[in-house]
Amino acid sequence: MSFVSYAMILAGGLGSRLCLLSEKRAKPAVPFGGKYRIIDFTLSNCVNSGIFDVGILTQYRPLSLRDHIGIGRPWDLDRKRGGVELLQPFRGWAETDWYRGTADAIYQNWIRVEEREAEHILVLSGDHVYRMDYRPMIEAHLARGADATVAIAEVPLEEARGFGVVDTDDAGWIRGFLEKPAVPPSGQISMGVYVFRTASLHAVLRADPERETAHDFGKNILPALVRDGRVLGFRHGGYWQDIGTLDSYYRANLQLLRPDPPFPLEDPRWPIFTPSTEFPPARLGARAQVRASIVTHGTIVNGTVERSVLFPGAVVEEGAVVRDSIVMGESWVGQQAELTQVILDKRVHVGPRARIGFGEDLTPNRSCPEHLSSGITIVGKETRIPEGVTIGRNCRISANLIEEDFSRRTIPSGEVMERELNVAH
Amino acid sequence: MTAIPAVLVLVLAGGKSDALHALGRIRTASALPYGGKYRVIDFSLSNCVHSGLARIGILTQYAPLSLQGHIGIGRAWDLDRRDGGVRLLQPYVRQRETNWYRGTADAIVQNRNVIEDAQARHILVLSGDLVYKMDYAELVRFHEERDAALTLVTAHAPTEEPERYGYVHADRSGRVSALEEKPKRAGGRVVSAAIYLFRARELMARLNRDGEGPDLVHHVIQPMIASSARVFAYPHRGYWRDIGTVDSYYESNMDLVRPVPPLNLYDPDWLIYTPSEDRSPAVLGPGAAVTQSLISHGARVEGEVSRSVLFPGVHVGDGARVEDSIVMHDARIAPGARLKRTIVDKRVVIGSGASLGFGEGTPNREFPGDLGTGLCVVGKGSHIPEGVQIGTNTLIEIGVCADDFTSREVPSGSVIRPGGQGRAQPAVRGLSGGVP
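First to last, the protein sequences are chains R and Z. First residue of the first sequence: 1, per the working numbering; consecutive thereafter. First residue of the second sequence: 1, per the working numbering; consecutive thereafter.
Hint data in this document are derived by calculation from the structure and do not stem from the laboratory. Be careful, since some hints might not be right.
Examples of chain R residues toward chain Z, derived with CB under 10 angstroms [claimed, not checked]: (1) L178; (2) P181; (3) P185; (4) V295; (5) G298.
Quick caveat, the model's predicted, so the values are computed rather than measured. We put the beta carbon where it would ideally sit given N, CA and C, even for glycine.
Isolated chain Z (complex conformation) (with noise of 0.2 angstroms):
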């Protein structure tokens, strides 16, 4: 006999994240390098097996390489099972009607079958951009006991950012009888996390129907709601954020660095599972000096390094600094290098004596919404020549390299693309063509 699993989860992990810029151009935001060893969508991944959901759906559609390398057949997770297990929901072309996904909503109701092969009595609908460790079991029981047609997730958001959440009123009972997307005003802290339990029929049933729109915020819950069905809301009363854009992004990572984090990471009943990388140990020289940071196996310090958090291969030089900074993944920061509330991405090279992140605050030229706080963003691969500075809230595409500097010096609020300052489209995009 086979168990039919009382939940089917489906993770959203196919959109593209503007405001994410060269981080996200190459990824979607789930596959986001985070914390020194994670991707973003490990945690949702890690919840669902420490919550004993092992159906898991994965609707990918932006870039989707970097997370399919990720993924592979789930073993990390333990979900490279007979029965249920990982899959990667990719759009596929059919003999009629062939489409990309063009919502959330869409890119469940092209995966009807799958759905329905589950025999699932609920779809638990996650996002795979988001950190925080949660227990479903329990959500599920709080939705089993109300019989909601959908439980949705509510959080305390880090900022009061209108434009960013969604903001959820409810009744004392939890009878939610408004969810206010993207309002002019926030509506206080609490907002909807984008996690949603829905019950299958349910959610199948209005998805069935002729004419329903693509999202499903918009198309789904938001009638739901209007037409009185029995929509709750659950609160998720721990750490909970979304890495959509740089800042966000950024001040998760340095909230794992803080004194006493709030996220913890060390929990031994909810550790947080990604594939293993096969590097050495960490090895730090006889004149590092590292301090609240996350170091990371491969890694090699020789300078210092003061609350930052360094993923797999970074080398540091010798008399190089890094602060409050991010660097991923086999990044060679030269001797005398230093780094200041900088993003390095991937395999990026800093030459020697080169400094990032430092001088006055003007906001980014291009784009001051998305960097205004001080931080500085380099693009996977870039080369970044000795010697040069280069100020605060300023962009280094994606495989820029050092012929792209036209002078030594780079003041805050640039934007460098490889090919030449004044070239809009970086060569590079060319990589997700193809993709809309």
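Chain R with its partners taken away, still in its complex shape (with noise of 0.2 angstroms):
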């Protein structure tokens, strides 16, 4: 029996990396792998690991992410004592205000940490795809005394650059962080699931907040605890996939894909817990011809559909072909539409013989050329395309837009579309 019962969840993040994805909602908000949410997986992993009192820190555009958590239904965090709490920045004390950081974040939470007297608590990251069991990890943190112990996954060393990587000696004891290191020593990174002794995270949380630093847990807080005190690394074997770019989105949602998929979604001992759409089954007309996809209900489809996620909602008219693309919630393709390499954000409507990440031409995008240049064009929320026009790899175009919007009938790649402020509609 452990003595960790309380888990404080970072959700506040801007997320900018994943494009029009993050544009209208936090980073774990974002729709996943057919029928989640990105913290569905975190939320998940911590009510089937047995904690069941949970503090979502939010800060960037939460309202799509308390929409999605409510009081908790989903997960059996709808309590008496404990369940599930978001933790907006507020105003009235004299040190509370917009949190500058994640570590600052829980500092001004404190006092839900205190209220609870414990004597460790468990810090998470809301933005991650993985399936993991907290009791081991806390196990280890207890039974060796550690001040912190920080979940570590082993990754290509190429891809270790974006992240933090730890340097552990031969007992597990962490000595050292490299934060987004140009020449990663090794692949071990930390992935942003920690647990701590509540009274030298205090410790360390109170002096950041007079010093000049990021407030950062992974930049600040960690590496002050490895000076004053014994942080343990422990390693995580499983699955993990921090859904940081939208490369990184678009592979893992295409890995589910794959005949033998890195992350399964379907496991009884671990399900992956998510509010319910009220749709009916997903329907397959006469024509349908559907291939290595996911398909979740209330979905429709008529046309043609490979490696691709459909997520509730989503239709797919007779003649259309989607290959290779992500299509949301009620978003519509229409007649002999064409989408290859797509993302489509939800609700969005593709006019008949429209036909989205044409051709060869892989110019990058020309605002945010490090984000989009494999390839995949990005549709924001709620956007029309009219009719017969054919749009570009490597494009975006903004959400809300409407068919008047488009003067020209072909957007080339690299293209960005947004409406013009000045004209009136």
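Put the complex together from the two separate chains, hints included.
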């Protein structure tokens, strides 16, 4: 029996590298894998690990997340004791303000930790896809008498450059952190999953606000704890995916379609919970051809779908072809439309015979070449693509555009479409 | 102030449907899985909440566990309410007289206190084993406008099967002059939909009379009509199906996979609610070919599926072919197996290369009337061994295992029971033992 029963989930991030997907929602609320939101994985890990007392720290655009979490029913978190609580910044006490970083967010809500008189707490990130039983990690933390324990994933060396690389000794104690090193010494990275001895964390957090730091767990708090205390590394062997960029988001979704997926969504011993939609089962018509794809309730397919993920209520009309794409909830793909490597956000309307992700021209996106260069075209929420329009690769088509916003019939690769603010509609 | 709801809903969901054979023995017809993710009773309950009726009692008796687990506290329908909501009314032991429900009217009489507590002006009596969408609010309006003692809903029956329906005779104003139950000859297609709206006082007065029989139609409704009480007919014009037989259950499911289904489950204003199952999305493999079918969460399809309804968690292996079939929760269809016009109950395992529902159309030797249209029924949890060939009009009982097959060929019209072909009483009967 562990002493750890309270978890705080950091879910306030802006997620700017997810482009349009996180323009109107916090990263943990981004839809994933056909019926989930990214935070479902962390929340389900909590309840499957027996942790039913969870605080979620939100700051950036929390509405979508708040609607999703509600009172926590899908996770059995609508409880009298414990349950789930969204912790949004507030004013009124002298020291409260917008959260200046992840550490500051926890510090401003420290009363939540104090109330629980918890000797240890779990601090998690809400924007990773993984399945993990936190209990063995908690047991190791307690058994070794650590001030903090950091979950470690092993990634390929070249990917480690984007993360905090962990340096451990033979006994498993962490000697140091390298934040986004140019030449990573190893592929051992911090997953953003921590167990803290409350007193040790408090001592460091209390000192942090006065300093000119980023008030960040990875950058400031853990290095300070390594300096002053004992920080244990805990290896997590299973799948773990950071959904930091559009490419990693796209790749993680499409990995689910492999015959032997690295992360099978179906595991009766470790279900991933999410609010249910009230749609009827997926309906495949007489001309439907759906292969190597995920379909969900409310999906209606009369066309061709290959290597794609269709979210609830997505409709693919007759003659339409959807390949290597992600089509979110209630989007509509019209007759004879063609989608290749496209991410459609929710309730996008693609007119008949429109082609998106068309051609071999891989010109990177002109406004964010660093995030949109692998060929993916993304269309924001509720945009209406007119009939017969052709859109190339690496394009970013903003949310809420209407047919009249498209003055050209062809949008070449790398373009950005935004509503011109000086045009009245 | 507590608002007194004008209408109390009583859903009759306690009957045993012998004509459903293996499908109906472990559960009451109202709890039958339907349409890929629903139970039949979801239609009645969803109709209630969409119509603004939220005070509901469900009268159960036969094999209620399945239904009880499904309804729970009524969350799926927003019926977990402080005031009203849904309640399961199972027979219980009393100090003086204790009885199982002897019939539909008796079930209502035994719950007299529930009805009195509700102080409702009208009582809507529904059958939980019907598939239809209907706005009861309009029915209530019709009933009140006519100051009716009883309004009975009429529907258009899909077939002329006089033995299954009651025929309503009404004049042009809708005043009912006769309700002919199960006559020798069909009286057309306009039948009683088994949806009754009573003025509460009228119903209770009739039910409280001594010597009143236990059946709602014979002992309450027909006498009301005979005594010239104000009984009106209210026509329901949409889809309406009674799924009390293997054929009608099958056909109604198949209606959903027609190119233009006569029953629209996708209407956002009238969704059918059901508890969610927390399954992963459906995965269609690289070799999958699925047409004209409904596929639910947790399904995994590698083979071919056409004109079929797949419930949550069904796996269809590589090269398997499922046609014109209904496959319930967590059934496993191994690679190379073939199913045609087959109803597969929950957790059935079909071995690789087995085939079901092919061959000549000899009606079932024991139940020619119930299994004569070429269907094959496989009861819950049965295991069909590899390579076995099973004909049409066959009944594979609940809990059959490989040892129960004495030959690799099961001719059309056969019945296979657990514990050997000759045994009349399948062992699993004991599950519903104690319940008459």
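Numbers of the earlier hints that this structure fails to satisfy, in rising order:
1, 2, 3
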